[in-house]
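Kindly produce the complete structure, drawing on both the sequences and the hints.
This is what each chain is made of:
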Amino acid sequence: MVGGSVVEAALTILLDGLQFSSYLFIVSAGLTIIFGVMKILNVAHGSFYAWGAYTAAFFIGKFSDMGLPDAMGFLIIIAAAIIVGVILGFIIEQGILKYMYHRDEVLIVLATFGLFLVLEDIILIAFGTDPYFAYQPMALLDAVEMGGIVRDVYGLTLIGVAALVAVGCWWLLNKTKWGTLLKAVIFDREVGIAMGINVPLVYTLTFIGGAILGGLGGAYIAPTISVAPGLGTEVIVLSFAVVVVGGMGSIAGAAIGSLIIGILRAIAVHELPQVELFVVFAVMAVVLVFRPEGLFAPAKPRKI
Amino acid sequence: MFNDKTAKFILLAGLVLCIGGAFAPNWIVNQFMFGFARALAILGLMVLWRTGLVSFGHAFYFGLGAYAVAILDIELGVTDVFLRLLAGAVVAGTAGFLVGFIMRNYRDIFFAMLNTAISMVLFGIVVKTESLGSTDGFAISMSTILGFAPESKYPLFVIITLIGLTSALLVNFYLKTTVGKLTTAIRDNEIRVEYLGFSVAHAIHLKYTISTILAGGAGALMAMSLGQVDPESMINWTVSGELVFVTILSGPGNVIAPFIGSLVFEVLRTYAFELAPQAWQLIMGATFLTIIFFVPGGIWSLLEKLGGKKNAK
Amino acid sequence: MNNKFIRGAVGFAAVSAITLSGGMAFAKDAISIAVPSFLTGGAAGPFGIPAMNGAKMVADAINAGKLPAPYNTKGFGGASATIIPLDEGGGATKQVAEYRNLVEKRNVDAVVGYISSGNCQALAPVAEELKQFTIFATCGTPRIFEEAARKYVFRTMGHATADNVAAAMYVKEKYPNLKGYTGINQNYAWGQDSWRDFDLTLKQIMPGSSPSDKTQFPKIFAGQYGSEISAMSLDKAELIHTSFWGGDLEAFIFQGNARGLFKKKIGVFTVGGTAAYRLGKKLPNGLVLGARGPYGILVRDRDTALNNWFVSTYKNLYGTYPSGPAYQYGQAILATKIAYDKAGSDATNEQLADALRGATFESFSTTIEMKLGNGHQAITENGYGITEYDAENGENVVKDVKFYPASCVLPPEGQNSVDWIKGGMKGAKC
Amino acid sequence: MQNNPPILEVRDLLKTFGAVVAAKDINVDISKGEVVGIIGANGAGKTCFVNMVTGYLAPTEGSIKFEGKELIGLETRKITHAGISRSFQVSQVFHSMTVSENLMIALAIANNKGAQALSLMDTPELRRQLDGVLDRYKLEDHKDSTVSALAQGVRKLLDIAMAVVSKPRILLLDEPTSGISVEEKFDFMDIVMGALKEDGVTVLFVEHDMEIVARYVNRVLAFYQGEIIADMPPKKALADKKVQEFVIGKEHHKKKK
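Protein sequence lines correspond, in order, to chains F, X, L and R. Its first residue numbered 1, the first sequence is counted upward by one per residue in the working numbering. Its first residue numbered 305, the second sequence is counted upward by one per residue in the working numbering. Its first residue numbered 618, the third sequence is counted upward by one per residue in the working numbering. Its first residue numbered 1048, the fourth sequence is counted upward by one per residue in the working numbering.
Fair warning: there could be bad hints in the mix.
[What the hints assert, rightly or not] To give a feel for the contact side, a few chain X residues facing chain L, derived at Cβ under 8 Å:
no.: 1; residue: Pro329
no.: 2; residue: Asn330
no.: 3; residue: Gln532
no.: 4; residue: Glu536
no.: 5; residue: Ser537
no.: 6; residue: Val571
[Said to hold, decoys possible] Pairs of lysine to any residue, SDA-like flavour, derived with a Cα cap of 20 Å:
no.: 7; chain 1: L; residue 1: Lys899; chain 2: F; residue 2: Val86
no.: 8; chain 1: L; residue 1: Lys836; chain 2: X; residue 2: Ile495
no.: 9; chain 1: R; residue 1: Lys1160; chain 2: X; residue 2: Ile495
no.: 10; chain 1: L; residue 1: Lys748; chain 2: X; residue 2: Ser456
By construction, these hints were calculated from the structure, which means they are not laboratory data. Where a beta carbon is used, it is the ideal one built from N, C-alpha and C, also for glycine.
See the structure below:
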């Protein structure tokens, strides 16, 4: 390693790992929240990501063409996540899922799979096949030198965003009245109903919240990539892996799962690139063999 | 084994198909081969589904079956159709039996997702291993039949048809045995089944293993009829989704349903692809949602309505 | 029985026989050409759509007889062609099934296209089995014609070995003092083969340089390269080789650019050509840029009637300059015309194959010689240049463009690419 | 009490859930042919006792021997195989299936052990047995009805009928008459007890209704806070002071509420 001490190298790996973990956490948080509350494995989560990315990229490009300041990009990112989450989340939950809650949980997964297929092609119809670029927000924040190499500040802010999401979720669940209600529903839907909680409303809001997080993942990543068709598919696989490792339905699990996978991956990229590709799946396989429920599976009420 | 309506229909259909196949154009023969190969996996998923279990990861076994054929071909030059089929079914069945020790403890959504997770591990390994063909996969040489190399696809079609229908007969028989009948019962009340003296875990393990053997056989037959394997089309989670899609499309009503549903799927996909090369996924997804919402019993229930329940069970 | 009746009966029998045998005696006035390319997924924008555009544009021009000489005759052997667009996505196995449908159900006359090496690799044996005249337009892997002799399958551009051998030669010329190099390539046949050829060639021609022990092979469509960029920044190697394409390529450029990677390191982009028109000033200066042969930005200013027609017509129709895939699909369609013109519109698959086998023809940007694989695999020159943003016109250009003749960057007939490079590239005429 | 050797021997049974003691110092011998009533207030440990005997709960300490064989550690189905069956307070039947289908499953499992489970279920022999069960438990009229559409009483009959098809030597009934109307309860118990007597089954049943206890059992076990506070013939037990205070009194109190 050039000029750097071991400490510098370790710092680089840690930062790389944190950055990738943050990405993993943002894309998987929404999935795990929806699963935790509603017991729905939302395959269409990848579509929220893709729609978030497209919406952000589209408007960032448009505003930039109109000569508006690039700093608007950050507003657009947040707005895009909220718009996508509220509109898509509301339509899907109220238009389709609502009518399925009395049916088998697995059928609901399948319905979201059908939705995923439909949404993928609607993106194609709505936005075309040409990729969108939205580099302006990334270009706005400069680069800094850390540990002997240059880092883009935008990438580093990802860590902050992930931390905000994590703290936000923790605060919402543990420090608000809403969180208490939510936890009751998570523990047992029937108990929730018995306590007089408006479960349908909780479901709608949860789904929209999860969708916003999915959209935020896409919108925030959009400036660093080429926003092209098919980008949602990869995200489903990654976020699913994180959620399986962490324990389905657990926010803390998603955070720990993201950190484990992200940091191990960074170590591999730096020290042993040949094994980088196996990291995600190796972690998943090990967890599956020893703890099939995941590391932080939430307690389940026993019903007999 | 042959004395009920379903069994008689299967025998008759087999005869008609084998004769008809000799005169049908190649593309129709192809559709039937792909459809029937896949139907084998659907048959297995139906066994699980009747017990209320849906696996969202059976591409794991489908892929194992297909890759067993490919690797035997490349490493040992095995081309015999029966050896290949056997290899696919045995490899997948063994894996299924072992994984079954974990799976039999899970139900509902956890069952579905653990299967997905396991299939994704295999997908990850194959995609990233150059010696396993990576994303490109392998081409598979033409199958031979007991030493002779057929000129056309017709002999393979006949074999796939016969194997498909034999499996249907066997599953039809299995579904009438004591353990085979433990379907709705397990879904309704596992505790009672245990108190009656039957291990639910064992019953599910058996069903799971059966489904994996069938999925492996399906993968092997699919690999042979296509002449190609690759992870995207054989192991990816979307393939699992597709298998479940066809299961729902077919309906759980009868062992013939998977064959009809699978054919319908094949034709639907071919035409969706032909008519709308940029929106065929949309057509498939919308069909899927329609079936889930409006035809929960699948195509079989439609046929039953049409036939005024004449063919029912 | 009178003669008239007999003659009539014989005539009827003959007509029936001919009709039954596929109407071969009649020149067709319409043919159908299936053109598979990526219409969905990440490869559609940078590759699939320009490729399809190129194919359609050339086919339309041929149907209307509007190509420049010597191709200004109307149609394909006189017949007008219908293009059937097809999505190449979904994996090789799905493509095999679709290919069978194309041939056996939709009865297309020719199949021209394919971008993914995986698809070509899978389809070559199927095309042979079905005896279907097929031209691969863009896919790169050399294995297709090195592994088996083909009768019905052709490829009208050079294979991936040329891209990477040429890249190595260009690097040697430009950076003779290079000490170390590394690479980031996608983890599948395309990326692995590309790196291997580049690495092996440099080892032969620049023994003073050595590869890094940490070359990166991220998953295709990974999209996030933060850790890799850090690792490569810390690496001693001064040069980074990549065969990234499509969305991955663009994401890597964005992320690397933001972190000053290409200021510190020399970037060699073997498929960078597609990004040149699309990224505008976001494309860093000083990249070594290839286009998988003499296509796209490398030949934009080549002043021949065919090239001028191609560039200007494309720009009029689609609003941008044509990139590599547009050229490659266009010339594959052109090759189809050449085969039909020679064999006739009623030609069988065998006759079409015979017509194209070993042919040499002027394509839009270069000369195509069907020289390898028993006359089924084209050889062309291959070149590289260095990127520079032309602020005056607001567009990217390449300078210091250098082309290497086909005989310099491709193995002679009958030799496997890897063995040829390892053996010191004997017989190369540069 | 009879002088037969005991077929069920319970020794020093203890069950705790954390700090809560659900069963303590339980020592009982049951002889063949006895009909034992288990009484006690809610939470006194009755169902816990049934669950431990049938292997649904593992005791913390102690031993349960059936015909000399230790039951502790066996799974519920192994205990069923050994010859002990049970019914449930809330009938545990297959609610989306018909009465006949429910019983056919039960009969098939009882008849086809091990690899025989892979033989055809629907045999003439099994049909014959089915008719017998339908007849004895007066379920013929309901045989083609889906369980979820049945009245509570019929469901409980089915629940018990399913428990006895495995021909158990001991049957544990958990509150057989709960949810059954006052007018029907004696008819119901007559059907059940008549059929069981025919088969010579030893019966233990948990019951809240002292009328039923007085009428059908020949021995009473009274539970209070996890312990047996009385083990005597029904007449004596119902007159016992402790039983009246801790069991019946609370029972009456509860019913008034």
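Cross-check of the supplied hints:
1. Pro329: 7 Å, holds
2. Asn330: Where the cut-off is 8 Å and the nearest Cβ of chain L is about 4 Å from Asn330 (chain X), the hint holds.
3. Gln532: 5 Å, holds
4. Glu536: 3 Å, holds
5. Ser537: With a minimum Cβ separation of about 3 Å from chain L (threshold 8 Å), the hint on Ser537 (chain X) holds.
6. Val571: Given a least distance of 11 Å, the restraint on Val571 (chain X) is violated.
7. L:Lys899 with F:Val86: Between Lys899 (chain L) and Val86 (chain F) the Cα gap is close to 33 Å, so the pair fails against 20 Å, i.e. violated.
8. L:Lys836 with X:Ile495: Judged against 20 Å, a Cα distance of about 46 Å means the pair is violated.
9. R:Lys1160 with X:Ile495: Roughly 18 Å between the alpha carbons, so the hint for Lys1160 (chain R) and Ile495 (chain X) holds.
10. L:Lys748 with X:Ser456: Satisfied, since the Cα-Cα distance of roughly 13 Å is no more than 20 Å.
In summary, the numbered hints that this structure violates are 6, 7, 8.
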